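Top to bottom, those sequences are chains C and B.
FYI, in the working numbering the residues of the first sequence are 55 to 535.
FYI, in the working numbering the residues of the second sequence are 1171 to 1419.
These are computed hints drawn from the structure, not numbers from a lab.
Keep in mind that this is a model prediction, so the values were computed, not measured.
Glycine included, C-beta positions come from ideal geometry on N, C-alpha and C.
Take the hints with a grain of salt, since some may be wrong.
Unchecked claim - Label pairs and their in silico Cβ distance ranges:
{"#": "1", "chain 1": "C", "residue 1": "P330", "chain 2": "B", "residue 2": "E1250", "range": "56 to 62 Å"}
{"#": "2", "chain 1": "B", "residue 1": "A1279", "chain 2": "C", "residue 2": "R524", "range": "48 to 54 Å"}
{"#": "3", "chain 1": "C", "residue 1": "G265", "chain 2": "B", "residue 2": "G1350", "range": "44 to 50 Å"}
{"#": "4", "chain 1": "C", "residue 1": "L326", "chain 2": "B", "residue 2": "V1413", "range": "54 to 60 Å"}
{"#": "5", "chain 1": "B", "residue 1": "R1238", "chain 2": "C", "residue 2": "G487", "range": "50 to 56 Å"}
Claimed, not checked - Quick look at which bits of chain C chain B covers, simulated, 3 or more residues with Cβ under 8 Å:
{"#": "6", "region": "444 to 458"}
{"#": "7", "region": "470 to 476"}
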Amino acid sequence: MTKAVAGVRTAAAVSTAKLAAALSRRLGLGGGTALPGLVAEAVAPGLAAHLAAELGQGCLLVTGTNGKTTTARLVRNIARAAGCRPVHNGAGSNMMRGITAALSEAADPQGHIPERERRLGVFEVDEATLPEAAAALGPRVIAFTNLFRDQLDRYGEVDSVAALWREALAGLSPSVTVVLNADDPGVAGLADACCGPTVFYGVADTACAVGGLEHAADARWCAACGHEYAYSAVFYGHVGHWACPACGRSRPAAQVEAVRVEQPAVGPLSVLVSTPAGRLDLSLPLVGLYNVYNALTAAATGVALGIGAAAIQGGVASFTAAFGRQERFDVRGREVQTILAKNPTGLNQVLRALVADGGRLKPSATPEPEPKNLLFLLNDDIADGRDVSWIWDVDFEMLAGHTGLLLASGRRAADMALRLKYAGLDPDPVLEGNTERALARALSLTAEGGTLYVVPTYTAMLQVRRILARWGHRPQFWEET
Amino acid sequence: MAFSLRLAHLYPKQMNLYGDRGNILCLRRRCTARGIELAVDGLEVGEPLDPTGCDLIFIGGAQDREQRRVAADLLAAKGEALRQAVDAGVVVLAVCGGYQLLGRYYRPAAGEDLPGLGIFDAWTVHPGPTAKRFIGNVVVRWQGVTLVGFENHGGRTFLGPTARPLARVIAGYGNNGRDGTEGAMQANAFGTYLHGSLLPKNPRFADHLIGLALARKYGHSELPPLDDTLEERAHAEAVRLAVKKPIFG
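So that you can see chain C by itself, here it is in the shape it has in the complex:
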């Protein structure tokens, strides 16, 4: 293909993508986040690579089982604070077509990216898409959050995801910096496969350690010799200070490290981080230690990009939660909090945060923490994972004595209710298959002024957003800035 023809084709693909996005929105098909990319790739194969090459600041990829969207969003804010103009697949559409759509959206009708010298690609990438994305986009930095069991029906085993990543890393240019979680042995071990520089991040403050490994912990066994890891501190899942007593492999030293973590019952997380760029005092309007890790991944990515401490701190401070992942709505005089949970480790973290909230930090003389009103929404669409057996790996038992209303809904409402029953929580949890009716019912059963916690899987979260938007509460996600 001649250069002129290629240019025409790129322009045609970008225009088609823009048209598809507009149509998709007009027809109410969704956010217009994946379809345009699909269409554009069909018109001009290799469009993503072509457009990515125009980004003056290059691009970075964020992948891992949990925390991709929150982390990528934090990095986007950090990049903005550093004076960049990020191109970002912000709606969670994290396969190639979503990245292509984001790039097409940023391009002008001639197929060029304006203000190119300030443009930095900040892309969240699906675990299985990483090899393709890394090859096509030529990133400067790749950041890994963590590796847990998730959607085994789609990704295969946890080990096969790790093998896929190692292969992708081994084929990278040595100029790529890889950001790794020192506290997750499955991620830290990827360093062996890297040919260029690495930046490790982790938590040093052992005051936030929990009693022991959760049932859903995956990487219990040394990747090198097969012996069971010994932990001097477990933070969540299999994330902590690990070492293999047999072969001596252990948690690497972290260059970006949380030296003090404060998780107040009310108010933002506060994290003091030491980095090669200086100390950071981070404040984050989220709950749960897993979000401390998301902030650390983002800060370490900022460090890897050569961004200064002030911009990293400022970027994190300007953060608001990614759509649906953790949001508050004021609905009919009740507060509705949605917290996305789509795999055992993620849901365990959510439950732990709910149980701790308002209880743990109060002196024992004060009354019991207020019981929580909970609506669990379990779907089994492809994006959620068709196999719902993962709920049996979640420690719902920890909710005992902490629940008020307990309601199960979604496509697999009965499975969810059954799991709650077998956790001994309530012999008769409220069951409602239709999500809109479930939401209405949960609200009517929540006292005025009270809080309803909605814990949905991915597609259920999208449904909740649509329903609340229809009721007049909050713009749909593609309209947010």
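Put chain B on the given structure of chain C with help from the hints.
Chain B alone, transformed into the frame defined by chain C:
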């Protein structure tokens, strides 16, 4: 008279891939509801199995890496005891990877055959990384009723002349996607590809296992019925999902 049963849970740390814990939670709850005490012993690699000390044995599924590690221990340290237990009528439930290990051998896509315990006259062949993995909701017919679950296996299991299938496939793949069989049974040992977890949504099968264990120990197996409304509803939902043809692949 107070009844009590003892369950040996083999490799709970390594063989726990697909919500297998739900099976243990289910057995415990259904025993407790009938005033039967159920003690559960988790046995990891290196810990011996006492074939006369348990009434039920459970083994779940795992990733290939863990399964290989467990296979070595199962053959060397626990194999003889497990065979004795099956001969003595101890109730065994083996799911997915655990089921494969109780067959005669497992033939990986590459490399040598991995020997199994040979409790079931069955063997498993992995047809290679390009072959379709059997993934999805599954419904089978067992003793005139349905069992539901989710299957996710690359290996195809074939039954020899002395093996009996546990069930017949109604929707899904089962042992090998060809002959309509699902699982295997030998004495009171049951192997199956169904997880989901298997027992909570299949209370009849759970009670069947408890009943067999009680009958063997006490010569009686009457289990008063429980309120299974929720269980039956989840069961019916799973049947509906499995028999409904998906719109996209």
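Now for the hints, and whether the structure bears them out:
{"no.": "1", "hint": "P330(C) / E1250(B): 56 to 62 Å", "in the structure": "holds (58 Å)"}
{"no.": "2", "hint": "A1279(B) / R524(C): 48 to 54 Å", "in the structure": "holds (50 Å)"}
{"no.": "3", "hint": "G265(C) / G1350(B): 44 to 50 Å", "in the structure": "holds (47 Å)"}
{"no.": "4", "hint": "L326(C) / V1413(B): 54 to 60 Å", "in the structure": "holds (56 Å)"}
{"no.": "5", "hint": "R1238(B) / G487(C): 50 to 56 Å", "in the structure": "violated (42 Å)"}
{"no.": "6", "hint": "444 to 458", "in the structure": "holds (count 4)"}
{"no.": "7", "hint": "470 to 476", "in the structure": "holds (count 5)"}
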